[in-house]
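S.K.: Residue numbers (this note's numbering), protein chains in the order written: chain A, 946 to 1846; chain B, 946 to 1846.
What the hints contain is simulated information worked out from the structure, not anything from laboratory work.
All the given hints hold, so there is nothing to weed out.
Taking lysine-lysine pairs in the BS3-like style, the calculated list, with each CA pair at most 30 Å apart, reads:
| # | chain 1 | residue 1 | chain 2 | residue 2 |
| --- | --- | --- | --- | --- |
| 1 | A | K1761 | B | K1792 |
| 2 | A | K1311 | A | K1488 |
| 3 | B | K1795 | A | K1761 |
Number of protein chains: 2
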Amino acid sequence: MAGKRKTGSTRRGAGKADAGTRTGTRRIWFFGDGRAEGRAAMKDLLGGKGANLAEMARLGLPVPPGFTIGTSVCREYWDEGRRLPDALWRDVVKSVRRVERILGGTFGAGPAPLLVSVRSGAAISMPGMMETVLNVGLNAETREALAKRTGNARMAHDSHRRLIQMFARVVLDLDIREFEQALDSLKARKGVFDDTELTAEDLANLIETYREIFAARAGMPFPEDPWEQLRMAIEAVFRSWNCDRAIRYRELNKIHGLIGTAVNVQAMVFGNMGDTSATGVCFTRDPSTGRNVFYGEFLRNAQGEDVVAGIRTPQPIARMKRVLPEPYAALVRAKDQLERHYGDVQDLEFTVQEGRLFMLQTRTGKRTAEAAVRIAVEMFEEGRLGKRDALMRVDPHVLDQLLHPTFDRKAPRRVLARGLPASPGAASGRIVFTTEDAEEWAARGEPVILCRDETSPEDIGGMHAARGILTSRGGMTSHAAVVARGMGKCCVAGCSATVIDVHEKALRADGQNLGEGDWISLDGSTGEVMLGQVPTVRPKLSKHFKTLMSWADEVRRLGVRANAETPHDAKVARGFGAEGIGLCRTEHMFFDEARITLVREMILAEGADARANALARLLPMQQRDFEQILTAMKGLPVTVRLLDPPLHEFVPLTRETQRATALAIGTSAAAVKRRVEALREMNPMMGHRGCRLGISYPEIYDMQVRAIARAAVRCAKRKIDVRPEIMIPLVGHVNELSTLEERARRIVEETFAAAGVKVPYLIGTMIEIPRAALTADEIAAHAEFFSFGTNDLTQLTFGFSRDDVNAFLPDYLEQKVLPVDPFQSLDQNGVGQLVEMAIRKGRSARKKLKIGICGEHGGDPESVDFCHRAGMDYVSCSPFRVPIARLAAAQAAITARRKKR
Amino acid sequence: MAGKRKTGSTRRGAGKADAGTRTGTRRIWFFGDGRAEGRAAMKDLLGGKGANLAEMARLGLPVPPGFTIGTSVCREYWDEGRRLPDALWRDVVKSVRRVERILGGTFGAGPAPLLVSVRSGAAISMPGMMETVLNVGLNAETREALAKRTGNARMAHDSHRRLIQMFARVVLDLDIREFEQALDSLKARKGVFDDTELTAEDLANLIETYREIFAARAGMPFPEDPWEQLRMAIEAVFRSWNCDRAIRYRELNKIHGLIGTAVNVQAMVFGNMGDTSATGVCFTRDPSTGRNVFYGEFLRNAQGEDVVAGIRTPQPIARMKRVLPEPYAALVRAKDQLERHYGDVQDLEFTVQEGRLFMLQTRTGKRTAEAAVRIAVEMFEEGRLGKRDALMRVDPHVLDQLLHPTFDRKAPRRVLARGLPASPGAASGRIVFTTEDAEEWAARGEPVILCRDETSPEDIGGMHAARGILTSRGGMTSHAAVVARGMGKCCVAGCSATVIDVHEKALRADGQNLGEGDWISLDGSTGEVMLGQVPTVRPKLSKHFKTLMSWADEVRRLGVRANAETPHDAKVARGFGAEGIGLCRTEHMFFDEARITLVREMILAEGADARANALARLLPMQQRDFEQILTAMKGLPVTVRLLDPPLHEFVPLTRETQRATALAIGTSAAAVKRRVEALREMNPMMGHRGCRLGISYPEIYDMQVRAIARAAVRCAKRKIDVRPEIMIPLVGHVNELSTLEERARRIVEETFAAAGVKVPYLIGTMIEIPRAALTADEIAAHAEFFSFGTNDLTQLTFGFSRDDVNAFLPDYLEQKVLPVDPFQSLDQNGVGQLVEMAIRKGRSARKKLKIGICGEHGGDPESVDFCHRAGMDYVSCSPFRVPIARLAAAQAAITARRKKR
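Turn these sequences into a full structure, and let the hints guide you.
M.R.: Quick look at the structure:
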């Protein structure tokens, strides 16, 4: 690449710096004074940092001058038995001379001594692996020169001290505890607390101590020769590339194919050279609100570390205009140029050294969700970004902050424990332990958090009454989690770090003993359980948000539906832009307090007659549910899933409730207990549920299908356009579906015929069993649509019980055995193969098969991207994630289009 | 087809019978008198029965003459609005005339009245769907002629009575209860118990009553005209093809593509026309022992139904030589010809009418396992079969009978209940309910059956002491089932029809109340629980068996290994011809009474140190295990699976055992209880087990790998050739395997280096997680072998928990939602796809990848056939199934070779 580039020979001074051209291999790339030999695209050779410094310099920005030794030299260093190539040093010296000329200083001598930093930087960023030596060039002589020139002897001495320590650690790999002990004992002797309270003289003495320690530990004196310092620092960076820690890091992070690290040698500049000097940090726009104002802080006569130490308070950037007008004007030009160049908000670091501005770093500015949206929209309106680029600028994940009530980020919080983030939201309330207490306290207007070891259908009333639910047992698909998500209620489940003793009405966590009435707060999005009341905020949706969403809708191909089972949720979802319901779980309706007894009667019935009786009484209730939800979603499709969970999720578990149930349905408590025990399963996730119930107890599905059909008829008679889609869950073999589909279709047709009404409807299935994906062609012959239930599909494809995965998944993520939690983001490599296979086979058998996803992945941006590429028709997610999915779908469409080109 | 055949015009009398040739479509195929117009290959047109009758006639055998109306006529009948084709009747009449000529009788007239049977018969056998009308041609006149001719008025009258009733049911679809009531009331009036006690006169009266009932129900008199009888019967057969019951049957059995049923009209012959007549049943060889002797019985002057009625005792077939020498000689000729023709033992029915032999039916003879083996071997030795054909003659399934002790088939048995066939074998013993009682009674020399609701590690001692184990809860992979199979002990698990009250020492089943000391018997192969002591038999392996097995070994390509974890099992497996161990489960060794406390200490350890301590003490024990088993299998590979089950399978569950454990390991009972509860899982099948334990607690796998390596070293030093293969279970992601494989390899190499010994070994993985199959190429990069764990793979691919599947699988099989239990026979369509994919991808990444199966399917013949086709290297199954797998592998090779040609 270097050979093809125009060499610097036509440029000023380039003849002296075009190192390596004589041998045909360039080893050093110079930057500074408004130009550079490298550029952003040369990351492989210059490393990330070197390429960025070059890019800034090429833009004409005042970067402190310096040069990058290419990654290929690292390879040479190792190939030649840890020896720097002969030609390199000549070029290094020449490059340092060039830096001297630009800045008008001298490396290793006064009166204006030049100091440099030496930093590693590979093509891929490896946080924590970066080796840095600052202040290279300091020795007794240059230190005094620096002290004189800056009028700040303390600073000069402190820099020298730091160099010795840093050099010892980075270059010679020494244990630095002795240096720290020497510093501590000095401070103790002087009776001071902070380093900054030490005088220049104290530090001069300390330097002597450091020299002694260094010599004793290293077996050599600290090198006084700055060139020797520089050479050793460069070699140390190359050596660091193959230290155990770095090799382990690259292995762990699966970083392959790099040839080595580059070395950046750059002039150090000082913001503490008097009142014409300063240092600061700024953003091109307000990163908190997104407003287009120059935003930041600066500190006169200071170095960056002074800002960090927090001893002096920085001033708003606008004040700099008055006190340092010229550097300020240059800074404003620079920030405008950088924002335009990168097309995004930049986070800048700068130093003014004696009235001269130096840009130290620029990077994309982190921002709040609110700011991200506003910036993207306004940058389009300003003509700085195309609409597609603006859409790509906002990370869909962050929208979560805008949609859910969240805890005030500024409020202090004391985290007691962390459980599973089972149902998102933020809630504060007073602890109660029973459903009765929850209802009673709530009736008095008290906000309560229901705390249980685990919940059962008896707790439904209490869960309704509570602001949030905390359980110490059970997983993401436990009763508490499923019901809470259904209710849209905040829930932290399986929080095993808390001990909940319902009997004693006591909750213990992190050494705290809490009881009934004490305040706690739950964050259902992070799983955090916090002490006391943490204030929440509910952000409003801005006009910028609406604009961005409307653009997303223009661009995306994927439909976006919501998972919802109540008219309220359906309305929320519509408000967020849902284009239908992709998953309406009918069992939620079964858990309703008023019905659970009837449901239990149905389950505990001895024989088909008694069961039919209970079902006949459930029918009108389910019909009413469906009528309401179909009405709420008029004009849009509603996918209703027939009963899915195993029957034992509905039965009474305690002796009292068993007795009460027995009384209610006219049998003995012993009979109830017997039946409950017979229903118990070893692995309920893979047990008697879904369509397996439909095969064993056809009358249950018959009732549900009849209720849907009758609800559709009632709506049609009221001239409401409804589009029910009946979904048969857990199909693994075509015969399951063909049997149940035929039966359902007969019931629907009979109902329509009896009413003299016809409503368009579909019958389809969930693809959530691996075998269904493998035989999707057979299954598609009987299904008008597929909806991927990727929660269960992930469980079965991995063989991971979601309820139990917490025992080992944290280890897996920490040890990087898995890159991400496959329940959060779809495993495209494994589960994705089954999804793609099912789509291909399904469409081969039925060209117009409608295909969507209704697992929780439907709201995960990476998974949405996969769904787009896989050719699905829609994704469905919880109502609050609908905007996230809309944006993610737009980004997926844009990305796919760009890849095609 | 008919058009191309040579018509019968050149044959004797054929000119009169070549029905349909004038229109170019043959509708009727004649057979009899040593020739036939059809043949065996014409099943589609003649139906199975018609084709077989034709084939027998073609062989020159004396079949009662008759003709088959083709299936195409059935189609015509329905296409033309349920009308027989005009031309058909003329041909029927001609064919009946031809039958008359051959037998010298007259249809519908005396003195020698011809009677015929009319039977349906489609191309695919549909048991229970067959329509038959016998004795067509009888009326008042012919009945008397028949009575006179046979000298048996009672027989003639009874035949007439039966015709009326059969005609009413089959032809007119009438309810026949009134006929039966009339017969019953006649018997009551006459004070007789059996039909045969009624006189000819009684029956004549009954016929009049029947006529009246018939006329009243049918709205028409019973047809006296034999031709009318015949026409109506033929139409009835065609009509029956599309009755609801037949349509449902074909749907349920997925019988498609048939055009209709054929109709067989055949002369009836009578073995009860005096002493020159007879009837009998025989086999070409002894179906019980397989000896090559003519075997069967006959009865003079009798019809087949007399044999069935059991009033007269039949005589051995050899006696027939003396009393009916000519028919006997003809019969011997026929049986020789038939056995030669079909190349297999035949089960024959014959009738001698007035000295003339008629062959009524021939079919492949059912036989015992012992006979099957002997017949196949001897028929090869006699030159009647090739070796490959001989191998194909024995159904591998039946070998089970020869290998396991079984209950005496002749002994009476009273089945109390049926549970899961968890571990094969047959055992009788006295009921005990606790492990202490089991040990105590067994020490006294009493055979005992341990009966528990479920077992836990505390019961190991009792299980050892017992002859068999019965549990009322738990599935095929419950503790009881797993441990019993490991011990090779008979076990019936999950027998929910029994109520076992351990506290009360009571067992209730099928109305019986049993207690301690009462005798029961368990059949672990069928799941039957029987009252009392049922005698068992243990068959010896014959020389024929050994011969057959040696042929199988010559022919098969697949290797056959055994699943075994004790030296004893390993030796048994070698004795049965196993070529290695495909699955040695290390956890069985953990369950051992002496070690369980150490294992518990390891599990309950707080922190890695305590765990390491317990593991260090387990190491020499495991090493000894491995040394013994490797020695027992010297020269052959032994695949050792590292720890697989979740840790909670090992922990103490009762308060007493928790207290004892706490005492033993020096902690509190509360701490033990807490840890046990923390280990509890919702879905243990998909929980913290297999390689997930290896990732979380690397020290456990380290200990096991070290034990294997040290055992190998010890053997090598004793000059024993051992070939350990280390198998890492439950891998779903390549990173799991790469992490553990690397670690294991390091330990093995270190151990070998320290000992200065090298032993060949492999490290590989089980493919039992769908994701592993989907990403087998990635996984093969780190695995030297794959072993398909098809039990778990089936569970996860179907989403069926094997422990819970009993709640719905019986429904599925009964309703034919699934054709077979996928845990018995590999689901080739679904699970098989994953297996094939994994083999393809695995070999694409590693050409020499060794591939086998170690799920229970490895002993199922159909699954073995699949494994052969899929290109596996070996199958592994329980020791007692090794011969089955050897034979199945040979058959698979033969079948594949034949298909290729």
